[in-house]
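A.B. asks: Put chain L on the given structure of chain V with help from the hints.
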Amino acid sequence: MSGPLGTLSELRDALDAGELTSSALVAASLERAATLGASLGAFIRLREPEARAEAEAADARRRAGRVLSPLDGIPIAIKDNLVRAGEVTTCASRILEDFVSPYSAGVVERLDAAGAIVVGRTNMDEFAMGSSSEHSIFGAVRNPWDSTRTPGGSSGGSAVAVAAGIVPVSIGSDTGGSIRQPASFCGVVGLKPTYGRVSRWGLVAYASSLDQIGAFGRSAADVATVLEVIAGHDPRDSTSLPEPSPPCVEALEADLSGRVVGLPREYFVEDGMAPEVRTAVRAAVAELEAAGAKILEVSLPHSEFAVAAYYLIATAEASSNLARYDGVRYGHRASGVSDLSDLYDRSRSEGFGDEVKRRIVLGTYVLSAGYYDAYYRKAQQVRTLLRRDFDRAFSSCDVIATPTAPELPFRLGERAADPLRMYLGDVYTVSANLAGLPGVSIPCGLADGVPVGLQLLAAPLEEAKLLGVAAAYQRQSDHHRARPPEEA
Amino acid sequence: MAGITREEVERVVALARLSLSPEETDRMSRELGAILGYVETLERLDTTDVPPTSHVLPLATPLRDDVPSEPIDPGLAVSNAPRHEGSAFVVPKVIEGEEEG
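Which chain is which? The protein sequence lines are V and L, in order. The first sequence begins at 3 in my numbering and counts up one residue at a time. The second sequence begins at -4 in my numbering and counts up one residue at a time.
In short, the hints are calculated from the structure, not lab data. Here the structure is a predicted model, which means the values were calculated and not measured. Ideal placement from N, C-alpha and C gives every residue a C-beta, glycine not left out.
If the Cβ cut is set under 7 Å, some of the chain L residues that face chain V in the computed set are:
no.: 1; residue: T42
no.: 2; residue: H50
no.: 3; residue: P87
Chain V on its own, in the form it takes in the complex (with noise of 0.2 Å):
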C-alpha cells in the first residue's frame, strides 16, 4: 500500500512542477480508500471509474496549459450528504439507501468547475445527527489514531479521509459541531464558515438555521483554499450571503502582534474538561502569546445554556424537515401495508435509525402544542441572548480560543446507550451555530497518544482573520503535522 498523500499545498506544487500527474495521484487515493479507508469504515461509496477519468481530463488540461483553480486535479472526498446528479446520496440512512439525486449540490458543482475530483463519498452519523460517526447503516467509522476510538462525528468519514492521509482535503457539514469536533478528533484543520457562505443548496436537510457546509484539511491555509472556491452567493438557497466571499488565501501572512484573543471565561471553569485537553489549550493560548498575541479573558455569560437551546432548536427543525420522508415520493416504503397512514408510520419506522426518531420525537414534543412557548420560544430567545454575548466580546477581541471537545476521543461504543451524555460533548461548538459564527479546530497537541484540538472562532463573515490566526499558529508549532501511525 503506498503512503498517505501529502498536503494540498505539497500536491499543487508537484502537479505544477511536472513531478505528478493527477492520473496517478488520484490512483494512489482510491488505493488507499479501498484499503485503509475501508478498515476504517471512511466511505460509503468510492466513485472509481468516474474520479480516474476525471483525473486523465485533467492532465489533459493541465499539458494543455488551462488549469481550473488550485483544487484542479486534486482528489477530495465529500460527506454523504451532498447530492450529485445521477448518483446515490444515502445520508447513511436505509430511507435514502437508493436515492439517486435527480441534480447536483451547489458545492458539487463548484468543485467540478473548480476541476477538483472527487473520489469518494464519506460515512457519517445518519443524517448528521451524532458526534462519533456510529449511528450509520454502513458501520461506525474508526478513529485513525486509535481503532478503539470514535472520529468525532458527524462528519467522521471527511474528517478519517484527510488524517489518514488517503485524500489533501475533503467537506464536511457543521450543526452544532459536526466539522470542528472530528476535526479536533482527528488531528486535522477543520472549518465552519460563517452562516450562509457556502449554499446549503443540495445539501440534505437537519436543521436548516444552523446546518452550514465547510472543509477539512492540513492547514489553515489548505482549508482557505478549499473556502475559496466552495464559498459564494447562490440564489437557489434562499440563506445564501449576498456579499461576494472575500479572498482568504493572501490574509494568512499576517502576523499576530496586535490580534486580541480572547479566553471566555465560563469555558474555563473548574471540572469543565478534561486535564489533558486543558493543558495541551493552555500550552496553545500561550504558544499564540509568544508569537504577538494579546490574550483577553472576555465573557459568555449565557454559555451553560447553549446546549440545551441547541437541542431543543435542532430537533425542532428537525422534525419539521424530517417530515418530508413519506414512502410516497422517494426513500424506503414499507410492504404489505394497509393504508396510507400505514404506509407513513411503517415506512418512517423501518427507515431512519434510533438516533434519528429519537430527535424527530423531541423535536416534534417541542413544537406541539402547550410546549412551544416552554421550550422551542424559550430557546429561540436564549439563542438573542448567547449571540449578544458573541457581540459583546467581539467588541474587544479579534478571536475567541477554546477547546473544540471537553474531552479526548471516546471509546466506541461509549455513549450509545446515554444520548444525553454524546449531547454534552458538544459544549464548546454549538454556540457558533447558534450565533453563526465562523469557527475552526485546529490540532493543539497530542495526550494519550491521540489529538486535542483548539477552537478559535471569529466574527461573522471574519474567516480570513480567523484563519488568519490559525495559519500564524501553525508558522509557530507542528502539531498540524503529526500523522496516525501507519499499520505495520
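C.D. replies: This is chain L only, laid out in the frame that chain V set:
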C-alpha cells in the same frame, strides 16, 4: 414539567408519523425524560422582553426575476418514487367506500 409520561410519548410518536414497539417506547420515555430534565435549566433564565432569534442573518426573502425556466422533467421528478405510474405517485387507496376501478 419534569420528565415525560409514556402516554405523552405515544401521542408525540403518532404525531411524528412513527410507530415504536413497547420496548422502544419505554426507552424513548426514559431518554427523553433525561433530556427534558436537562433542558429545564433554561427555566432559570428570565427571558421576558428578549426577542426570539429564528435566524441569525438579517435577510429578507429574496425575490428572483420573473424569468421562465425549464422545469424538472416530470418523469425524472418521480423516478425515485418507490411506486409510480407515468408521472404520478402511487399510494394506497385513501377514500373508503368505492370499488377500486
